[in-house]
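Protein chains: 2
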Amino acid sequence: MTAGPGEDAAGLARRCAADLLRRVEDRLRTLLAAERETWAAVHEGAVVPVDALAEMIGSGGKRIRPAFCVTGYLAAGGDPADPGIVSAGAALEMLHVSALVHDDVLDDSDIRRGLPTVHAHHTALHATSGWQGESRRYGEGVAILVGDLALVYSGELMAEAPATVVPEWNRLRSEVMIGQYMDVHAAAEFSVDLRSSRLIARIKSGRYTIHRPLVVGASAAGRADLAPVFEEYGEAVGEAFQLRDDLLDAFGDSADTGKPTGLDFTQHKMTLLLGWAMQRDEHIHTLVTEPGHSYDEVRGRLLDTGVPADIEKHIAGLVERGCKAIADAPVAPVWREELAAMARKVAYRNA
Amino acid sequence: MTAGPGEDAAGLARRCAADLLRRVEDRLRTLLAAERETWAAVHEGAVVPVDALAEMIGSGGKRIRPAFCVTGYLAAGGDPADPGIVSAGAALEMLHVSALVHDDVLDDSDIRRGLPTVHAHHTALHATSGWQGESRRYGEGVAILVGDLALVYSGELMAEAPATVVPEWNRLRSEVMIGQYMDVHAAAEFSVDLRSSRLIARIKSGRYTIHRPLVVGASAAGRADLAPVFEEYGEAVGEAFQLRDDLLDAFGDSADTGKPTGLDFTQHKMTLLLGWAMQRDEHIHTLVTEPGHSYDEVRGRLLDTGVPADIEKHIAGLVERGCKAIADAPVAPVWREELAAMARKVAYRNA
Chain A
1 MTAGPGEDAA
11 GLARRCAADL
21 LRRVEDRLRT
31 LLAAERETWA
41 AVHEGAVVPV
51 DALAEMIGSG
61 GKRIRPAFCV
71 TGYLAAGGDP
81 ADPGIVSAGA
91 ALEMLHVSAL
101 VHDDVLDDSD
111 IRRGLPTVHA
121 HHTALHATSG
131 WQGESRRYGE
141 GVAILVGDLA
151 LVYSGELMAE
161 APATVVPEWN
171 RLRSEVMIGQ
181 YMDVHAAAEF
191 SVDLRSSRLI
201 ARIKSGRYTI
211 HRPLVVGASA
221 AGRADLAPVF
231 EEYGEAVGEA
241 FQLRDDLLDA
251 FGDSADTGKP
261 TGLDFTQHKM
271 TLLLGWAMQR
281 DEHIHTLVTE
291 PGHSYDEVRG
301 RLLDTGVPAD
311 IEKHIAGLVE
321 RGCKAIADAP
331 VAPVWREELA
341 AMARKVAYRN
351 A
Chain B
352 MTAGPGEDAA
362 GLARRCAADL
372 LRRVEDRLRT
382 LLAAERETWA
392 AVHEGAVVPV
402 DALAEMIGSG
412 GKRIRPAFCV
422 TGYLAAGGDP
432 ADPGIVSAGA
442 ALEMLHVSAL
452 VHDDVLDDSD
462 IRRGLPTVHA
472 HHTALHATSG
482 WQGESRRYGE
492 GVAILVGDLA
502 LVYSGELMAE
512 APATVVPEWN
522 RLRSEVMIGQ
532 YMDVHAAAEF
542 SVDLRSSRLI
552 ARIKSGRYTI
562 HRPLVVGASA
572 AGRADLAPVF
582 EEYGEAVGEA
592 FQLRDDLLDA
602 FGDSADTGKP
612 TGLDFTQHKM
622 TLLLGWAMQR
632 DEHIHTLVTE
642 PGHSYDEVRG
652 RLLDTGVPAD
662 IEKHIAGLVE
672 RGCKAIADAP
682 VAPVWREELA
692 AMARKVAYRN
702 A
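Protein chains in written order, with this note's numbering: chain A, 1 to 351; chain B, 352 to 702.
Among the clues, some could well be false.
Said to hold, decoys possible - Derived SDA-like pairs (lysine to any residue); straight-line CA-CA distance at most 25 Å:
1) K555(B) <-> A34(A)
2) K204(A) <-> G396(B)
3) K610(B) <-> G133(A)
4) K204(A) <-> A391(B)
Unchecked claim - A few chain A positions that, by computed beta-carbon distances, are all more than 12 Å from chain B:
5) G11
6) R14
7) S294
8) Y295
9) K345
As the list claims (entries may be wrong) - Stretch by stretch, here's where chain B covers chain A in the computed footprint (C-beta under 8 Å, at least three residues):
10) 42-54
11) 101-113
12) 122-135
13) 138-149
14) 165-173
15) 186-195
In short, the hints are calculated from the structure, not lab data.
We put the beta carbon where it would ideally sit given N, CA and C, even for glycine.
Chain A extracted, bound-state conformation (with noise of 0.2 Å):
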């Protein structure tokens, strides 16, 4: 690509990634509907899975992981052309509708993106159908089996990329596994371990959604070398995208996120908003914990605490110390600065 009449190198990076990311869409609309053309022509029956993923990959998102993904890209110099970065983008995003599906079922929650979820939508269908066994078996079955599914397409996608980014997408999948595991495990003790939750942040956030994406991008275009500016990077942005969550989760505004407000108090989430308040408050674990207690009574105490205040404060902190981590990156000026936008933007999000 070249500046067209007017655009700035900033413009024209802009103008590249945003291309990548629109052929990103591309590529998993097209790996589904190809999909979907097989599977129809064996069995009518057989294309649910693949037209459940279609639904969940049309119904938005931000598409955060395929964003970061060519911006290390093109950061590392690579060649905006070469499909195999597109490939590894769509699987990074394939990877993460996987996640969300089995989300759902581990948090119960009904809804993603305003549609019910995989899980909901399989177990209502079920119980109006009058079948056999039982509706929540069948639904949550047919989950775990669609996120299974999204899963190996993931892979499909991936290993259309050049072969260097394997090492750093397995850490990636591994680490996210065993993150979830770690977090549902935390929820179920639900006892304040501030290293355990910010650890189980550090791997859920920073590494899956900022971190390793960079990496991946960067290791496309040969430029492994990157990987500790992007690892200092992407902990920091990746904390800051982490208590945003945290924060919105509590206090945002359910129609800007899709999904309903308060799920991480009913989940018993050990999030760091939590664990932070509770150890200034510790009558904010009976809130929590016991029934009967509104969400506006336990936001209130929170806010009594003053964390919220002093987590908005941690937050640029965070973003001030992401865009350190890559103001002497070897990478173009103008990749440094669109870095440090996607800080802010990942940051003060509103869902």
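Following the hints, position chain B against chain A.
Relative to the frame of chain A, chain B by itself:
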């Protein structure tokens, strides 16, 4: 490898295959040991999902898929010293472990290979520990993540195999997920639809267990041209394998199989055995779906239809068809004999 003193071609062939299968075991164990070490250094709780997989791998299993994979490879003239085929065999077994862990949730099975299933173990652990939330959701959630981790490791292993395996590996994986969905759906509907039952049996057993592992092996050796022969063999022997499975579930000894007898009845699995029997005797539908009927009653009624005896004859025919399919295959005669022996072994096993 060269023949030992007094060893004939068949002896040497079997020794090569056995050696590769031993190395498959080693690869499975070294991967999990390395992952355990990595995660133990991060957090003492992070090793739980890895240990769950190590326990599954260590508790036995027939290793049918790795056996067909290395046989397909050696029959295709692959180099027994190449580590890629070892990783491919290990990947197939790890995928199977993933499928078993998730399958046990889908079927709500408590016992597998004589041990508590992953979800049963973690459900009980939650209940006895007095943790927050619902024990069933916790136990099944952990099993979802443990199965996901195995699926990730299987991809990691297959990435070590020659890239020529990718197309067949992709087909195998997406097909097994969609086959599982169709199976779960058919069990919920529980209406006799022999077209759908045969399709499910073909996908879940013939292709997943025999045909595609053989083709993965042949592709690793650069002999994708063997795919049609292995397909014909695999579809026949796979159907025999599945029919034996149906018979073992209904009439086998749980001390041999390591799982309770009659699971297909409890779960309303629309097996070919049940489908055929219900065509001859509609009352069996009631015996299976309505409470208050013992397995012995179902078993007696099944035997009265004559279907089990007919299935035995059908199995014999399928084994013959499988052997015929490879009788003129462009592989060394010793491998034709070995594949014929394997057909008899899977069709006449007792576990």
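Numbers of unmet hints, in rising order: none
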